Amino acid sequence: MMTVFGIPIQALLGQLLVGLINGSFYAMLSLGLAVIFGLLRIINFAHGALYMLGAFIGYLLLVHLGIGYWPALVLVPLIVGLFGMLVERLALSRLYRLDPLYGLLFTFGLALVIEGVFRYYYGVSGNPYAVPTLLAGGTNLGFMFLPNYRGWVVAASLIVCIGTWLLIEKTRLGSYLRAATENPELVQAFGVNVPLLLTLTYGLGAALAGLAGILAAPVYQVSPLMGSDLIIVVFAVVVVGGMGSILGAIVTGYMLGLAEGLTKVFYPEASNLVVFVIMAIVLLLRPAGLFGRDA
Amino acid sequence: MSEPLLAVRDLHAWYGEGHALHGVDLDVRRGETVTLLGRNGVGKTTTLRAIMGLIRKRTGSVIFNGKDLIRLPLHRVAHQGIGFVPEERGIFATLTVDENLILPPVVANGGMSVEEIFELFPNLKERRNSQGTKLSGGEQQMLAIARILRTGVEMLLLDEPTEGLAPVIVQRIGELLATLKKRGMTILLVEQNFRFAARIADRFYLMDHGKVVEGFAVGQLSAHTDKLHEVLGV
Chain X
3 MMTVFGIPIQ
13 ALLGQLLVGL
23 INGSFYAMLS
33 LGLAVIFGLL
43 RIINFAHGAL
53 YMLGAFIGYL
63 LLVHLGIGYW
73 PALVLVPLIV
83 GLFGMLVERL
93 ALSRLYRLDP
103 LYGLLFTFGL
113 ALVIEGVFRY
123 YYGVSGNPYA
133 VPTLLAGGTN
143 LGFMFLPNYR
153 GWVVAASLIV
163 CIGTWLLIEK
173 TRLGSYLRAA
183 TENPELVQAF
193 GVNVPLLLTL
203 TYGLGAALAG
213 LAGILAAPVY
223 QVSPLMGSDL
233 IIVVFAVVVV
243 GGMGSILGAI
253 VTGYMLGLAE
263 GLTKVFYPEA
273 SNLVVFVIMA
283 IVLLLRPAGL
293 FGRDA
Chain Y
102 MSEPLLAVRD
112 LHAWYGEGHA
122 LHGVDLDVRR
132 GETVTLLGRN
142 GVGKTTTLRA
152 IMGLIRKRTG
162 SVIFNGKDLI
172 RLPLHRVAHQ
182 GIGFVPEERG
192 IFATLTVDEN
202 LILPPVVANG
212 GMSVEEIFEL
222 FPNLKERRNS
232 QGTKLSGGEQ
242 QMLAIARILR
252 TGVEMLLLDE
262 PTEGLAPVIV
272 QRIGELLATL
282 KKRGMTILLV
292 EQNFRFAARI
302 ADRFYLMDHG
312 KVVEGFAVGQ
322 LSAHTDKLHE
332 VLGV
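Protein sequence lines correspond, in order, to chains X and Y.
So the mapping is simple: my numbering equals the position in the first sequence, first residue as 1, plus 2.
So the mapping is simple: my numbering equals the position in the second sequence, first residue as 1, plus 101.
Errors might be hidden in some of the hints.
[Stated by the list, open to error] Derived DEER-like restraints, expressed as beta-carbon distance ranges:
#1 Y:Ser-237 <-> X:Leu-286: 56 to 64 Å
#2 X:Phe-145 <-> Y:Val-215: 48 to 56 Å
#3 Y:Glu-189 <-> X:Ala-282: 33 to 41 Å
[Unchecked claim] Covered by chain X, according to a simulated footprint, are these stretches of chain Y (three or more residues, beta-carbon under 8 Å):
#4 147-158
#5 191-200
#6 279-292
#7 311-317
Hints in this document: simulated from the structure, not taken from any laboratory.
All figures in this text were calculated on a predicted structure; none of them were measured in a lab.
Note that CB positions come from ideal geometry on N, CA and C, so glycine has one too.
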């Protein structure tokens, strides 16, 4: 059997795949957080809850309405995105003039409420969500066995991340968003409806979280706690990437996922810690983050 | 005499608790270039920002084209036909020159096309794919004015367009404003450079302590030199 540093190559590749899957979710979630933080200057503590909401809505659509995975892939981001826009319009928009701490506290409270409601009705045990038949089974790549659904998750998250990056960097709407991130007042004085842009941006971030949630449903169990388990790591990703940096969030998401996977092979005890160790080192050496612009 | 395009009456404005404008009155008629003069800190920039709605805490009236701008949300003001070029120029670092140029939405017909703008500002065309803030100060000022010309507004609010620029660039900006004036643009200008202002303005308002203390036409300039010396220290 082939080995690398005494580790069977299958085990190494297997863990790298797990890392890449986790990294796909980190990237999609930190991307949304970065977009929201960049424009709204709000650290969205509800992001994990929105991700959980996405998975749960997918689960409930299936159980109660018989709506399967593929339609849910479109419906869930729409529903979570609309919910996000409603939250922004009714609550967050009233907090912009106050200290940023209020936005953070509000989203933290919102996360607790959403999670609390689902814990009350569904308990803390996970609910299974079957892999869609089209993607059931796996493919033998010769050097390893790849479950099809996991390959799909990596591909889908890459498409979503690159698509979002293109939307922000290459389109007119994206140029409004970037300009408003720098100087919202001036952009509004030019005649751009910045309050609407803020609503749409929070909606986009929420939709990305919801999409990550429905993609995650067949990989992890659908549970009210799935968001809070993930969100702390995602915050670390955003810090390492550089607050508000879109590209930084994406690249760092995948990188830290892979770093976690590698650590599981070579020193499993540290696998839950490695992300935070990297965060501490980055904060010491480059406080603005790997991709952050120095203020 | 026709109604002024812009009529400001008893305009008060506050920065937090600080009362910055104490009842500004001024008129700008269609096609006129009017300059606000005054020492630093008398409220010239604040007047422009309060007209535009960038300062929300204000009272009085700002009638533009018969409509009171004070009642409008900030993003509706530009659509009435009024464009703002801020003192700090407001060029966006994360946008290319091209993106900066087409950022402000077109609010009326009759604005310049991007091609016309590039004819007027060949430097900008050469550097259209550069990052906006990589331009020189003069080029950034040109870009800040150019992007408003695209929008088709009838009136420009210009805050210290010559500040910190080399004399040759100042002259270019003077020529540009003269061209705009010929095209019928109405301009309200804040300017410290009195010689520059004297060449292009039709009328002047002198500000002190947050209000307009004197108004005169360019023909009456000599009659007011003593007063100007006293207030401006020039």
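Here is what the structure says about each hint:
{"no.": "1", "hint": "Y:Ser-237 <-> X:Leu-286: 56 to 64 Å", "in the structure": "violated, 37 Å"}
{"no.": "2", "hint": "X:Phe-145 <-> Y:Val-215: 48 to 56 Å", "in the structure": "holds, 53 Å"}
{"no.": "3", "hint": "Y:Glu-189 <-> X:Ala-282: 33 to 41 Å", "in the structure": "holds, 37 Å"}
{"no.": "4", "hint": "147-158", "in the structure": "holds (count 3)"}
{"no.": "5", "hint": "191-200", "in the structure": "holds (count 6)"}
{"no.": "6", "hint": "279-292", "in the structure": "violated (count 0)"}
{"no.": "7", "hint": "311-317", "in the structure": "violated (count 0)"}
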